[in-house]
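Protein chains in written order, with the numbering used here: chain A, 4 to 575; chain B, 86 to 344.
Simulated from the structure, these hints should not be mistaken for laboratory data.
It cannot be assumed that every hint is accurate.
BS3-like cross-link-like pairs, simulated, lysine-lysine; straight-line CA separation at most 27 Å [to be verified]: (1) B:K305 <-> B:K315; (2) A:K301 <-> B:K145; (3) A:K208 <-> A:K543; (4) B:K137 <-> A:K441; (5) A:K365 <-> B:K317; (6) A:K543 <-> A:K28; (7) B:K263 <-> B:K184; (8) B:K317 <-> B:K263; (9) B:K145 <-> A:K208; (10) A:K365 <-> B:K315; (11) A:K301 <-> B:K305; (12) A:K365 <-> A:K208; (13) B:K137 <-> A:K301; (14) A:K441 <-> B:K133; (15) B:K263 <-> B:K223; (16) B:K305 <-> B:K223; (17) A:K28 <-> A:K441.
Computed far set for chain B versus chain A, every beta-carbon distance over 10 Å [claimed, not checked]: (18) W115; (19) L123; (20) V136; (21) T142; (22) T152; (23) A169; (24) D185; (25) N186; (26) D209; (27) D225; (28) T227; (29) S242; (30) D251; (31) D271; (32) E295; (33) S296.
Since we're looking at a predicted model, the values are computed, not measured.
Beta carbons: idealized from backbone N, C-alpha and C, even for Gly.
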Amino acid sequence: MSQAATKIKLEPNIQQHEELSFLYKYILPLDHKIIGMQYIFTGLIMAIIGGYFAYAFRMQLAFPGEVVPFYGLVGPGEYNMLVTNHGTIMIFWVAMPVLIAGFGNYIIPLMIGCDDMVFPRLNRLSFQIFLVSALVLILSFFVRGGGFGGAWTSYPPLSSVAEYSLTDWGASLWILAVALEFVSFLLGGINFITTTMNARAPGMKMMDIPIAVWFIVLAVILFMASVGPLFAGAIMLFMDQRIGTTFFLPSGGGDPLLWQHLFWFFGHPEVYVVLLPTMGIVADIITVFSRKKLFGYKTVLYTAFATAGLSFVVWAHHQFIAGIDPRVANVFVVTTVLISIPLAEMMFSYIATLYGGSIEFKTPMLWALSFLAAFLIGGVTGIYLGASALDIYFHDSYFVLAHFHYTFFPITIIGMFAALTYWFPKMFGRMMNETLGKIHFWGTFIPFNCIFLPLFLLGLAGQNRRVYNFQNYPDLARQELQDIRIFATVSLIVLLLFQFVFIYNFFVSMFKGEKAPNNPWNANTLEWSIPSPPPHGNFKSFPTVYRGAYEYSVPGRELDYWPQNEPPEGNK
Amino acid sequence: MIEYFIHSASSFSGDIDNLFFVITLIIGFWFILVFGALVYFILRFRRKDGVKAQYITGEKHSETKWTHYPHYAVIAMDVVIIAANIIVWVNIKQTLPPKDNLIRVIGQQWSWSFVDAGQDGVLDTADDITTVNDLHVKVDETYHFELQSRDVLHNFSVPAFRLRQDAVPGRTISGWFKPTSTGSFDIQCAEMCGYGHGIMGAAITVHSEESYTTTIAQIKSGTYESHFQKRKGTKTESPINTSQVEEKDSFAELLASIF
């Protein structure tokens, strides 16, 4: 038992398991499980707002100038505000809270055999700041001039000068919300790292930590190492907006490109910050449902280290044609294309894990496999964009848009559903309905491809992003291109409608579902050795770990799984 | 493949299209291989009663070779892609071929101004020809451009030329293009520049020698009809939506009623 965990053991609230009042149990909790769920539910509500925005601007693109049902007219300023905040919400208020903060909080202590995070109060503060940041962002939609519309990258001078953006307080509240959100995740991140490094169950060596936990911790380290420059940038931008400094304004001696470097120095690692948790969760799910040991645990881990390291030296591939010295681009082409090497190795290892398995198509497994398939498309199309010469044509086109939705949709939405369906029995003590789960899966995955595959074609046709009405461009106003836009929009509506199946399944299963046993999936990791849902304090007595997390179908054992905390003499 | 969707109208557009094709071949090969393996494994190794999964650690050399050898092949392919890319990139962005004409392109919220240096090839002299949202160039002549912005970032994008460059306030960015076929093409702003970003279009018209002379004469005599307006035809839309403020309120009410 490490020192940090021992300290927590002494906290009266946690170890005595006394019944807490509603206020302290659900509103001001110290329990990592409740805080995790607060993050997840906040993220889901934000996802609904982000999806609603996507619906509104896709309708405008398909039927330009017409009143969008349940929304109204989408004008140019409105359109900019919708795309900007769709991107911001989906990355900062859905992907990060749900996958890192939400599931990180929920599963890290359970998977490493600990009763709580080592700094529970810091954890609670982290969520409270996050909630404030979400409210500040929502507030920014309603101030005079409307929400910020300068794209989620918020390049100055557009974002720093109110006369240019026409959204005076919208832009300021936007950057304030983003900065607050970073504060929240810095507080949460320090907790994740400390907990995983110091409070693991006895016997759990570094190489016994489940990949899901490893990758969340790696993502957090990556986040903390990269966010500094952007945080400084955010403060400079805020000062430019509010007190008239000119950090990014050429007329005052500033440089707009400075922001781009600060932003993308964070922005590219951020891609891997959200990717790694999903990659880790998927590793756990495919091993459980194919009853296989993870192929090359250490290789997978080291490829993740390599990816994380490389992600710091690729940022300028977002700026090939932004006015940087063209010779610099060649260096960044090399580093960018090199990042395909560790990621390809990781992908190969995941696919090799399936080899010789006994694959059972439960809903979480369908999500995990579809993640691999969709992310593969996102990954290979990234090679086109890493090539600077092609970037001349594709930069800020729909090809880019389709590419990163093929990475972010699998990461955020598919990863979220994979994790939710996998840990639902543990979280709520009930099973989800499999049939509804599968209907929801196919109703999401097929429309998703129908939305974004055609957008690659629009990108090839030279269609640029963030344009509210392509009828203004004769080359793009052709009917066959408009048909593609309508097809994508209709697919989006189908996708959104199928989410009601999930919402129904989620809430009905939560209260009326079949009671879940401790270990419904016959998985090895520690969270499945305790009751569902886990009591306050998680473990009755701290577990001892005897082996790695992926000992499935070990020869000579009757059972095809071998829980991490089962003593070796219990070998059946 | 790109030329199937859009004209290929400049001297380097073919290079970019070919690079796209080469990368598509390499990536397509990998994609089919990996996707095929994924689908095959999913179908082949689905659960059957009484069949136990194999125990493979993936740490012995006999096993890791299955991921390592493809991995070395990926590195080799990467080198090919990087080399092919750098050749094209150096040709387009790092070298300036000798110029026949010089123009200045100025982006501002939300229109494009074009200044042609005219006969003497020097900007800011009396024979400059200034046009707004309409650029006229001669076919098969090399143009150097000086790209500037008056306010925020813009991006001078001509998809048919495979040409794209950010305009940064406070800087002048040089570049070049050489049209190879006549016709009229879209210019788009490709960097978010605020409220009117979506209407910040212009037209570039590539002329033969005689048609260019006629057009310039028309511009000078004032009898000229904008190609940009002509191309847009009836689809012209007012850039300023005066009802914006009211919309915002109805949106607020709607959102409040929903959430």
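Hints violated by the structure (listed by number, smallest first): 5, 10, 11, 12, 17, 18, 19, 20, 21, 22, 23, 29, 30 and 31
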